[in-house]
Amino acid sequence: MFTALHFAIIAPFIAAIFVPILYKLFSRIHTGWFVLTVPTILFLYFLQYLPTTANKETVTAVFDWIPSLGIHFTAYIDGLGLLFALLITGIGILVVLYSIYYLSKERESLHTFYTFLLMFMGAMLGVVLSDNLIVLYMFWEITSLSSFLLISYWYEREKSIYGALKSMIITVMGGFSMLVGFVLLYTMTGTFSIQETIAASSDIVSHNLFLPAMLTILLGALTKSAQFPFHIWLPDAMEAPTPVSAYLHSATMVKAGIYLVARLSPVFAISGEWFWLIAGFGITTLFWGSFSAVRQTDLKGILAFSTVSQLGMILSMLGVGAAALHFDNLDLEDNVFVGATTAALFHLINHATFKGSLFMMVGIVDHETGTRDIRKLGGLMTIMPITFTIAVIGSFSMAGLPPFNGFLSKEMFFTAMREITKFQLFNVDTYGVIFPAIAWLASIFTFIYSMILVFKTFNGKFKPEKLDVKPHEAPFGMLLSPIILVSLVIVFGFFPNILSYTVIEPAMASILPSLLQEGEQFYVDIYFWHGWTPELYMTIGVISVGLFLYLGMKKWVGIYRLFPDNISFNTLYDQAIVKGERLSEKIISSHMTGFIKDYLLYIFSFFTAALVFTLFHKEAFIIETQNLAPVSIYEVILAVVLVASVLTVMFTKSRLKAIIGLGVVGYTIALFFVIFRAPDLALTQLIIETVSVALFLLCFYHLPQIAKSLETIRFQLGNFIISLAVGTTITLIGLTANSNRLFESISGFFIENSYNEAGGKNMVNVILVDFRGFDTMLEILVLGIAAFGIFTMIKLRLEGKEQL
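Just so you know, our numbering puts 543 at position 543 of the sequence shown, and the rest follows in order with no gaps.
The hints are simulated quantities; they were obtained by calculation from the structure and are not laboratory data. All values reported here derive from a predicted model rather than from experimental measurement. Watch out, some of these pointers could steer you wrong.
Only pairs whose alpha carbons sit at most 27 Å apart, straight line, appear in this in silico DSS-like list of lysine-lysine [what the hints assert, rightly or not]: (1) Lys-159 with Lys-466; (2) Lys-159 with Lys-554; (3) Lys-376 with Lys-159; (4) Lys-456 with Lys-597; (5) Lys-597 with Lys-653; (6) Lys-461 with Lys-579; (7) Lys-159 with Lys-461; (8) Lys-657 with Lys-105; (9) Lys-456 with Lys-579; (10) Lys-555 with Lys-376; (11) Lys-105 with Lys-159; (12) Lys-795 with Lys-653; (13) Lys-554 with Lys-466; (14) Lys-554 with Lys-597; (15) Lys-456 with Lys-470; (16) Lys-579 with Lys-463; (17) Lys-376 with Lys-463.
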């Protein structure tokens, strides 16, 4: 049954339909004001489920879509799904509000922008609230499509198109891999339901397809969440308008991969491969993203690589948190691995707040100065004091400095990385030392690029001669959204337990359900001071070393020359695309000749080879003659006439003879219908054949004479063999079908019911008009459309001649 929850998921798609209409009707009003109501209503709607999930209850609504294939549109709300739904709609409100002041209604195609944005919002809600894997995949690919449209919004820019295509290719490739994994899961469990798959996880862990399913699904998650080495699409996606970057690349799209890992952790986390892959890719991405961000000179480039880094940090914590499933009699309150999952969810929220505000801050700087190049910026602190304050709070939280929320989740991250070295499974106690080491080193680079983001932009010498416009503070409407976000950074820093009991604990119950016994629950208590702990000393070390390296950047920044641009994953991608295009051109040009005869040759060759192989391989070729009616002398005579007519068409040099021979073929078939007692079919065949012959004669009368060089066309042995093979194959299939009747003919049904059900004595007419009336009606509709098309072309041609 279709419910309000289903409607909430598709509401953005429905609203997107009306955006162009509103844009036309109310051209004086910014379209964003209408769009703003959609995420606002949805956010308020999803808030009502907070008490439900806080009580560890779930909500399920099922709409049967394709039940025969086990595909249902099952909307499912639990703690994890609700957390993401609130992020998608809540950040959506602020992004739409920001875009109203960022995008000019005079210069921008607002109807296309908001249509694409609503498509994306609906697709993300579908991803996080779908319990069916196939439905989830459908929404997953819609996010790729809509993000492609949003990134290429300024399509006149070559870089926008390049970035959009790059993100599309990489994420869709991962999506196809993920679909394979979903099919493998279905093969093992017999269901597409995520919850039923989780329930069967203990039964499939030893299955031969378990590891392939895990790897193919992870490829989809890693590409979507821009993990190393698939991160290369995210920096190029920064060519999108800033509201797109703030929405897609801080809070939603890039977190879809994180969501998938969290959602399927109960299925795969029991294996050691899951731990090493998730934690390993996460910690590698964390370091590479932070290391690469320092060398960027574009503000959005810094934020792009910082996003890559922060996503790696969240993923690594989810990987470490999976280790909790390997303990018996777990202390849910003090276990560090449970704490890693808590930290991942907490930082997921924190990242949305500080990174969303930073993207908006960069958009303001770009909007008010005309550049994002830090080499041209500086001294904006006094000119744009509110924007500077936003930058300080957001950047310091990202760097993990107190008293902001990023400090709390970063301390929890250090705890998880340090304690994992004591884990006794999967050789973690031997190789696990790399986790705290890389985590600490990456945090130093995070501190450095955070300082660059603030002080290279707002401190130092003011350079008005390098700016395209005279800078000034942004209007309050543009500042409002980032102000709200940095306010949340402070509020969640001082009062983190606002989130603990409402969204974090229910989400943990979704990720680690097997740890909870009847009546148990997770206890999340986040606070600042834990004493003089190793984590605090690590933070002090990050600040000290980071400050030292930031102040002396000129002396060591040369190490980036060891990583030239021509030796990178971006270069490999570009070369693969270029070489792939060249290879595809060669392949296509080798067989796409432009001649129909060649295409028919390929089609018929494959057709005959595949069908004949299948017939004999499956031992389905059987001919039985005992039930066949005797062949009369009339049928033999007509068959001889038919063959002679076909040979005439094939070998004659005269157009007139070919048309006459073709007509004889049609009339002979009509006579067969007469013999087989089908007068209606015979009459239809006679009418069609008469009209066809007349039309052929009329058309060929106006064609030029055949050139002499074409009158002596040589015999084509290859074409003859293909023709003979096609005819033989069709004959074999016909004989086999007649000899292998798996059920009674449907003709008996029509004989019994034509008069009783439809009131007609002519069975053929009843079948055409009643039993398959819709089919006949649609055939007439197609003919009508074709007739209108021909009429239109003729009319346009005549009007063109008159104008000439």
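Hints, one by one, checked against the model:
A threshold of 27 Å between alpha carbons decides the hint, and for Lys-159 with Lys-466 the separation of about 23 Å falls inside it, so the pair holds. For the proposed pair Lys-159 and Lys-554, the alpha carbon gap of about 30 Å is over 27 Å, so the pair is violated. With a C-alpha separation of about 21 Å, the suggested pair Lys-376 and Lys-159 falls inside the 27 Å cut-off, and the hint holds. Our distance criterion of 27 Å between C-alpha atoms is broken by Lys-456 and Lys-597, whose separation comes to about 66 Å.
Under the criterion of a C-alpha separation no larger than 27 Å, the hint pairing Lys-597 with Lys-653 is consistent with the structure, at around 19 Å. At roughly 46 Å between alpha-carbon atoms, Lys-461 and Lys-579 are farther apart than 27 Å, so this suggested pair is violated. Between Lys-159 and Lys-461 the CA atoms are separated by roughly 31 Å; this puts the pair beyond 27 Å, and the hint is violated. Only pairs whose Cα atoms come within 27 Å are accepted, and Lys-657 paired with Lys-105 is rejected, the gap being roughly 68 Å.
Proposed proximity of Lys-456 and Lys-579 is contradicted: the alpha carbons are some 40 Å apart, above 27 Å. This hinted pair checks out: Lys-555 and Lys-376 have alpha carbons roughly 21 Å apart, not beyond 27 Å. Taking the CA atoms of Lys-105 and Lys-159, the gap is near 23 Å; set against the 27 Å cutoff, the hint holds. For the given pair, Lys-795 sits about 36 Å from Lys-653 by alpha-carbon distance, which is inconsistent with the 27 Å threshold.
Between Lys-554 and Lys-466, the direct Cα distance comes to roughly 22 Å. Compliance with the 27 Å bound is thereby established for this hinted pair. Between Lys-554 and Lys-597, the direct Cα distance comes to roughly 68 Å. Violation of the 27 Å bound is thereby established for this hinted pair. At roughly 18 Å between alpha-carbon atoms, Lys-456 and Lys-470 fall within 27 Å of each other, so this suggested pair holds. About 44 Å separates the Cα atoms of Lys-579 and Lys-463, which puts this hinted pair outside 27 Å; it is violated.
With a C-alpha separation of about 7 Å, the suggested pairing of Lys-376 with Lys-463 holds against the 27 Å cut-off.
Going down the numbered hints, you'll see the structure goes against 2, 4, 6, 7, 8, 9, 12, 14, 16, while the others check out.
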